[in-house]
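Here the structure of chain A is known, so what remains is to put chain B in place on it, guided by the hints.
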Amino acid sequence: MYLKKLILCLSALFLAPLSFSAWDDINMTPGVNAIAQEIFGLHMTIFWICVVIGALVLGFMVFLIIKYRKKEGVEPADFDDNPKLELTWTILFAVILVGMAIPATTTMIKAYDDEEGDINILITGHQWKWQYEYMEDEVSFFSNLLTSLDARNNIAPKTENYLLEVDEPLVIPVNKRVRFLITANDVIHSWWVPDFAVKQDAIPGFINTAWTYVDEPGVYRGQCTELCGVYHGYMPIVVKAVSDSEYKDFIQGKRDLKAQQALLTEKLWETDELFAIGEEVYLKNCVACHQVNGAGIPPVFPALAGSEIVMNDKGRQVEILMEGVQGAAMQSYAEQLTEVEIAAVITYTRKAWGNDAGGDGEIVVPKEILDYKNNKL
Amino acid sequence: MSAVIEGHHDDHHHGPAKGITRWLYTTNHKDIGSLYLWFSFIMLFIGGAMAMVIRAELFEPGSQIVSPEFYNQMVTNHGLIMVFGVIMPAFVGLANWLIPMQIGAPDMALPRLNNLSFWILPAAFGVLLATFFMEGGAPNFGWTFYAPLSTEYAPPTVTYFIFAVHIMGASSIMGSINVITTILNMRAPGMTLMKMPLFVWSWLITAYLLIAVMPVLAGAVTMMLMDIHFGTSFFKAGGGGDPVLFQHIFWFFGHPEVYIMILPAFGIVSHIIETFSRKPIFGYDSMVYAIASIALLSFVVWAHHMFTVGMPIAGELFFMYSTMLIAIPTGVKVFNWLSTMFKGSLTFETPMLFAIAFVALFTIGGLSGLMLAIAPADFQYHDTYFVVAHFHYVLVPGALFSIIAAVYYWLPKWTGYMYDEFMGKTHFWLSFVSVNLTFFPMHFVGLAGMPRRIPDYAMQFADYNMIVSVGAFLFGLSQLLFLYVVLKAIFYGKKATGQVWEGAQGLEWTLDSPPAYHTFETPPNLEAGEAKG
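Chains as they are written, first to last, in my numbering: chain A, 225 to 601; chain B, 59 to 591.
It is worth saying that the hints were derived from the structure and are not from the lab. Possibly wrong hints are sitting among the right ones.
Cβ-Cβ distance ranges computed for the label pairs, FRET-style [said to hold, decoys possible]:
1) 371/B / 319/A: 54 to 64 angstroms
2) 217/B / 269/A: 31 to 41 angstroms
3) 275/A / 491/B: 20 to 30 angstroms
4) 507/A / 269/B: 49 to 59 angstroms
5) 491/B / 295/A: 24 to 34 angstroms
6) 96/B / 431/A: 49 to 59 angstroms
Model, not experiment: these values are computed from the prediction. Cβ atoms here follow ideal geometry from the backbone N, Cα and C, with glycine treated the same way.
The shape of chain A in the complex, shown without the other chains (with noise of 0.2 angstroms):
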């Protein structure tokens, strides 16, 4: 099987450059907005002039080959300069360069106008998932990666938007101006979305500016590209670009979830009732470094299972939770998830892998979480 895609394979890397219809999977995409055309544009002008000094130099190379390899009786010349034709040389590269400045110039100012935007959303930068805050709505989730582990794992088989999927993502309206500012939380970051033409680092303490403008209603895929420890290629974005209508409902939709969340806190919660919501939290949040089975990988991520902190000391997990580590991977929780979230991950936890045995087996229910944040209020 191998031997005959490679043959394909090979075929293709030869032919490809022949058809312009096979351009897609192997030249940069020409984007979804004025911007990203015009760098489109930039890059194919360098590329065909590259293309041809590249051409012609080694075209002349294979005709010197050819044409001075030694023969009986034919002296090599002995000239070892010619100061009018290097001056020529010289300047005829002067020139190209100025001819590639000059677009180069143009597309750059444009490419980096800051001027605010009809919408601003605050793009945060996670050990490994991105935070989306929309400034004037005051709405803000996480986006993570929904990919499988079976998947990953060749276990599961692999869908189209492999690795490129996300539980939540980014909604943005068409014909508006959407500028995104940018920062990480912990390592750097950066946030590229290739038809847009947008990568910006996103780097702590520091906020950059991107924006875009969509005109077609579609889905846009992107991927981290600054190396950001060890899932830095698992944190994908993807961007859906949608009416205008369709997104004043996204966000009520946002808002009236985070008032039924608020409700949530005031439930009678049963153990197992939270037991299977914190699995499923623990599943998407905290397996990328505790492991499936609470192992961790220590030193760097060390284990749940059989913690004393996750047995015998229900404060200190809160806490550790609300506020993450410092000078560790370990980050606050605080905002990413939900009280009912923290409670049923925390409860999940200390019944999971046998700490239930080991240790005190006490539960977190939502309200304690709730009065710790409105403790350090």
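Structure of chain B alone, referenced to chain A:
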């Protein structure tokens, strides 16, 4: 300007000491050159094995043979070893062997320092490789070790990494002092600066680059050390520090470093092309000026590695223009090499094949570098496989090919034995085909959107990644053939003459093959003749 010692010593016909002490205590430039070259050869296989792990993991989508954590360790150490453990020591080894023989000096100016510069290198890499067996694993933050991933979020072994980098830096600085002192003080009478062989010129300039930037690297890692252990906040945003500062410091070192890895290659290739063209190098003066201007420009282009960090537009434009300028001296060099071949009498022995491949493929790497210099387009190229393709084109068929070419070219001189020409050519063709199979498709996956340094990738990149992996395995295996050819020459090779190559010019070819343990104890007098190599 001759500083050659005039006094006599009675023991100047003695050969090397016996046993291991010969290598431990040696102050002989030829022995130390060999040590550097063998060290770099061994590291090539260690760093290469890491590349094989990377390509095996990327053979198909999905997790293959290693965890994402170990994958990052492989990526990081592959880069560190290839840069600091292969390319740089190999060039220093060549400098040791060749500079004294090319300028008619008896040895390097500072032989004991020379011994020390070499012997701390295995210590540095011992420390680095030992981290694989420590708690927390080896460094996993990329060879560019951007803070705060390499400080607040690094594995505990980062401290060992910092000390290893310090030791490598010390070794390079000592080596450069030695090179500069030797070249400026120990040239044979009559060899003026503008009559020096180009390899010597390229190393003189490289050595100045090293002295200028290795302390900057040392500063960067020291600041990391302070942040990690002594509570400072150079790069900690939470303490008022600046993570971007790290990148400015790193690349102020890093860009000249890139040229440190290519300038000596320019020297080597110039010698080989003129020898096998049987014609003097075209535009010697402009070759020297081109190397010097590339070196100077390298100090003002560093932030082209940082077009996406959010610099003001004036910064983006400045670094775009300054980077584009480098194309001029580089273009001059390529055209000079072609003009050297023009109307020559060419033969294609293995060193010439590698040198021609160097010019052709380095040109491709240079052109993709020009594309990367265009800041707005770089928003799309940055941190994708397009960049990986670019720097591998200048480092593998660039720097590494020049080193391989140099080994084939001077091996008969060093050992006194010819290598097997058929096997050498086989090695060349296998390497040439596989290096392109490996790195050319990377341009495409990069443009199509595959980020670098990821252990797994989306489905649309699958086909090309498989080709790349096959190419990489083939390239890796081909280098075993290189080892075989070298060993075969040493143990079973035919005797070489002193001249070795019909068209070779330069002082080293006036010596026997192999040269005596001590050569040019009395400097040759070049006042009358021409010494350009």
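Quick rundown of the hints versus the structure:
1. Distance hint for residue 371/B and residue 319/A: a CB-CB separation of about 25 angstroms, inconsistent with the stated range 54 to 64 angstroms.
2. For residue 217/B and residue 269/A, the Cβ-Cβ distance of about 48 angstroms falls outside the hinted range of 31 to 41 angstroms, so the restraint is violated.
3. Our hint of 20 to 30 angstroms for residue 275/A and residue 491/B holds, since their Cβ atoms are close to 21 angstroms apart.
4. Taking 49 to 59 angstroms as the suggested C-beta distance range, the pair residue 507/A and residue 269/B conforms, at roughly 54 angstroms.
5. Taken as a hint, the range 24 to 34 angstroms holds for the pair residue 491/B and residue 295/A, whose Cβ atoms sit roughly 28 angstroms apart.
6. Judged by the Cβ atoms, the range 49 to 59 angstroms given for residue 96/B and residue 431/A holds: they are separated by roughly 51 angstroms.
Checked against the numbered hints listed earlier, the structure breaks hints 1, 2; every other hint is satisfied.
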